Amino acid sequence: MSAEALHLQARLDLGGFVLDVAVDLPGRGITALFGPSGSGKTSCLRVLAGLERRARGRVAAGADVWQDSAQSLFVPPHRRALGYVFQEASLFAHLNVQDNLTYGFRRTPAGEQRHGWDRPLELLGIGHLLQRWPHELSGGERQRVAIARALATSPRLLLMDEPLAALDAARKAEILPYLERLQTELDIPVIYVSHAIDEVARLADHLVLLEAGRVTAQGPTSRLLTRLDLPLAHGDSAAAVIAGTVQGHEPGFHLTQVGFPGGNLRFVSPARQRVRAPGETVRLRVQARDVSLTLSHQADTSILNVLPACVLELREDSPGYVMVVLDTSGTRLLARVTRKSADALQLAPGTSVFAQVKGVALLD
Amino acid sequence: MLLTPDNLQALWLTFKVAALTTLILLLAGTPLAWWLARSRAWVTRPIGALVALPLVLPPSVLGFYLLVALGPEGPLGRWMLALGLPTLPFTFAGLVVASVFYSLPFMVQPILNSMQALGERPLEAAATLRASPLDTFFSVVLPLCRPGLVTGCIMSFAHTVGEFGVVLMVGGNIPGVTRVVSVQIFDHVEALEYADAHRLAAVMLAFSFSVLLALQVYSARQARKGRA
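Going down the list, the sequences are from chains A and B.
Going letter by letter, the first sequence gives residues 1 to 364 in this note's numbering.
Going letter by letter, the second sequence gives residues 1001 to 1228 in this note's numbering.
Quick caveat, the hints were computed from the structure, so don't treat them as lab data.
Bear in mind that the values here come from a model prediction, so they are computed numbers and not experimental data.
Keep in mind that the hints are not guaranteed to be accurate.
Label-pair ranges, simulated between beta-carbon atoms [stated by the list, open to error]:
no., chain 1, residue 1, chain 2, residue 2, range
1, A, P177, B, A1117, 34 to 42 Å
2, A, D198, B, P1143, 33 to 41 Å
3, B, L1213, A, L130, 36 to 44 Å
Just so it is clear, CB atoms sit at the ideal spot from N, CA and C, and this is done for glycine as well.
With these hints in hand, go ahead and build the complete structure from the sequences.
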């Protein structure tokens, strides 16, 4: 589908809950549908896949129109070139791993097959599981097989419905790197449903916020995370996501340096993650509570990262706290400071400050 | 030889009726169970009740209505005569038709249960893997419902072997045509041939026990597999 957009306009009455959405989603990268449970994320995915026949509206992937209720057009799910990963792996219990993987591949028209059924094996690290049965697999393995099974059909669009929700933290950590590799190697647009903001921050390029069956906002993830009018930029877990390039390392101090338009960030290289080569693009998360503000440049501080910034906007957060949006040459950061400090520094839109960044997390 | 030629003939006939009945029921009962499991139409309720009716109805009542319906004056019988076909009562074919109705719930119910236990998910997964609904039925539904199908076949076969009232009503008691084991035993007892009755009854007892034992072992194995 390359850069062609995905169009979704749908109305679905599920008795007590009405989904009413109209969005155009980018045809590349990972788009996250984010919202609390019951906000309609999964319903959106099901409408896209054609699993909700009662939905009215229009669904199109690039030039392919999959549904147009105005013209009584409905392409059944098995004729839509998409892959779907359910929350539970939903492998066929009567087939071993290999037969599960080839199930969809054998049913994909030869003209649409862009690679063999075994292409995703290596990508997901499941080559050694082929002769096993679904009930012999761990939860994480099962989900990886389910992802590979969906990819084996050479889909033009991959839909993932909270694929990690049923897994514990260790299993999640096991699968996330595979999801990232998948994106860089296959270049299939992914629509990813999640209610975990850390997953979204790590994976998603584009974000769609849903609430009570409606889209409340959408845009690039980094922008939506720092919009004060949205629920994401509030409270203890608020964070900005920054895309940057690895500049180099200071091996003696175990430091990694990442450059981004607003300057450089140095942080202790995470022990459990692989060392990034200079030039590699990475994603960093800076939590609002780890950013403090000063009016003058502090030289004698233990804080490694001090960035010149400009206050764009500030808003009352929880009682006693203020959330501040900062601009560092086009890249936005969040700082959560006390109301008392904000008053003492006389922070207002336009104020020039120095942001002291205490903690940086490497996301991918 | 323990069994007389008459008894052997009755056994063979019983086997033929039960095997043919089971085969017909498997072919007809499976799509019927699928329709009952999937359709949201209100008619599934009365049809479902109709299918279960032989469970509670005295066999003689079912046999009586079948006899009336299939006889030369009955609605189905008249229709068959008009088509130039022989009427069914007191024939082997009639016996099979009656058995099919009589054993219908024993085939449909286990299959229906396993189809309902399947849920939506495997079907949706198959649809997103390019399988058409018909393809899904054969490649996903039937294999996953195999325990129900096996149970249905065993139960239908065994239940048909054990029928008596319906046979007497519709089939009568014609040696080699409709005289099945249960009727033969009744005849032996009527004629005070207790030794013959004993032998045949013992065969039936052993058969029924083996079938139920096999079923127990099979479902225990399935349950173990499901847990794993």
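Hints, verified against the model:
no., hint, in the structure
1, A/P177 / B/A1117: 34 to 42 Å, "holds, 36 Å"
2, A/D198 / B/P1143: 33 to 41 Å, "holds, 39 Å"
3, B/L1213 / A/L130: 36 to 44 Å, "holds, 37 Å"
Violated hints are absent here; each numbered hint is respected by the structure.
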